[in-house]
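Colleague: From first to last, the protein sequence lines are chains A and B. Every letter in the first sequence is one number past the one before it in my numbering, and letter 78, counting from 1, is 78. Convert by adding 1000 to the 1-based position in the second sequence; the result is the number in my numbering.
Restricting the straight-line Cα-Cα distance to at most 20 angstroms, the calculated cross-link-like pairs of lysine to any residue (SDA-like) are:
1. B:1201 with A:149
2. B:1203 with A:145
3. B:1203 with A:136
4. A:95 with B:1160
5. B:1041 with B:1287
6. A:52 with B:1458
7. A:52 with B:1219
8. A:52 with B:1456
Some chain A residues well away from chain B (every beta-carbon gap over 10 angstroms; in silico):
9. 33
10. 67
11. 73
12. 74
13. 140
14. 158
15. 171
Because the hints were derived from the structure by calculation, they are not lab data. Just so you know, even glycine gets a beta-carbon here, dropped at the ideal spot from N, CA and C.
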Amino acid sequence: MSAAAATRKPAFGVIAEFPSATTLYEAAEKVRDAGFKFWDVHSPFPIHGMNKAMGLGKSPLGYIIFCGGFLGFTTAVLLEYIPSSFLFPLIVHGKPVNFFTVPPFFPIMFELTILISAFTAFFGVFILNRLPRLHHPLFDYAAFSRVTNDAFFLVIESGDPKFSETETRGFLEDIGGREVTVLYAND
Amino acid sequence: MGESDASTTVFVERMPRRPLVWNNHSMAWISDRIAGIVENKAPLWWWVTIAITGSFAAFGVGCIFYLLFTGVGVWGNNIPVGWAWDITNFVFWIGIGHAGTLISAILHLCRQKWRTSINRAAEAMTLFAVICAGIFPAIHVGRIWMVWFMAPVPNPNWIWPNFRSPLMWDVFAVSTYFTVSVLFWYLGLVPDLATMRDRAKGKFSRAVYWVLSFGWRGGNRQWRHYEMAYLVLAGLSTPLVLSVHSTVSFDFATSVLPGWHTTIFPPYFVAGAIFGGFAMVLTLMLPARSLYKLHDVFTWDHIDVMCKLLLFTGSIVGYAYSMEFFVAFYGANPFERFAFLNRYFGPYWWASWTMFTCNVVMPQLMWVRAFRRNWAMVFFVSMCANAGMWFERFVIFVISLHRDFLPSSWRMYYPTWVDVFTFIGTVGIFTTLFLLFIRYLPMVAMSEVKSVLPEADPHYHPPAVGGEESVKEAHA
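Make the full structure from the sequences, and use the hints.
Modeller: And the structure:
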């Protein structure tokens, strides 16, 4: 890291470690109130109420999944209606395909609605998170490997308009961050 | 916690909640214990068990190939018993496959935090059970190379699926259920695979876990979408899990056969599926808990509450059995009446009474707290439920079919060795897959268990005086 600093590579951001979920939560509120935009907290599990502490709203994923579900429903209606009415009309039990015989078509509409919604939910979460991603500057910081075990980190990225290597560093130290380190992009 | 607390705005719990992880373990302990199972060398018992179950699985696959090359005549099925062990096994396995998604979806929506200790293993078990279930409908069609006719694929033969058939609903329901369960299970695995990646020593294993975890970083901007996806998947899976066994029951309920043609079937099948699934989770997790020393994660409180669910669903099943019998008496349909008298007092009386004893009588033992906290007793009752649920399907399918409307076609059904070993083969496939799962993937959802620890609450402040000790006392 020191070699990277010597060659004056652009900083990726400042990272600080916090001892617990509680301290991380309180620090997040202070960073939010200080008006930072490009920052994130990293924890081994989702912390209840952290969205509010970070000033983030509800994830828009729910609306995207609704569109996926609507797509699945439409697919099922067309998949069943077009062949059953026009391409391969099957008269079963003497019942034609019309408005009054729709209920037996419901189960497949239901299943396809669920199926496409679930696919949207699964892929949606990774697309919104810009994943899969092969590398990220945070992984160059050795201590960061504990984030999936029991460590809590707060990162303010250099892209933030209020970012300044020295001031942000001091700010994170003031709000209780430990091991405050400036990270440099490694490429 | 006296009267003075009532005036404060802070909610004080009169009875402190029991901790979900016992003995105040740290987050690092959870990672070490769970990930250690995968990282350490496989114990001897694992090799011995997988050798046995793998042999059964291989022999079962051999039986399936024998069936495919020879024809369904190698089974004992014959008119009037056209559906026998094949569909019994199918419904048995698909029923077992209901516990995992129930635990992960319905209990998540109900905010039952204890689910975090068992949901991963239960979901994995669900997938393997559905794999075993899927084998039977595919091979029982006889000419398996025609099985693609069930898919809505344009073809020159003018053969097109009848979307109004319950069998077609079944194809869609089971395949949707499997796909959604895989997605739900994998989404839950991603943060734990990231843990495995960060702990990995070797370059190769690190790269593998890196790819599998998609480069997860645990940032709250990621968790925000993740939690929403998890919640919505739970919401989607809840009607799905209830619909799958309902759809399976439509295969029977929409026919005109006495003993099948009842409207009670969907709720009755769903309750039975949950009952059988919970029994299988207990059957697998009790040994795993002891062998991997997970007593503090999968605690007696977890076993206790699962036993209560076993008792509850077993009682619903008992109600359904009794109500079917009552409706046969009250409905004044002579064929229905005959079918139910024949079920309990006909030539297969032993199967029906085994079913009734195992599914209704034995779970009643779980009313006793001492039994719910006794290893052998819980294991015994869950094994009873496993056997009982298999017999339930045998009773419903074979006994209803073997004496139909035309007495001249009545016939007893006897399984052949191929029937028996195909079923044992699927037991082998199921246990082999489960053993591979506990060997290569974290069997407890580490990130979720960490999130239910007291210190995971952002408003948690450790008591200043007494420290750890007073926390322990508060939970005792």
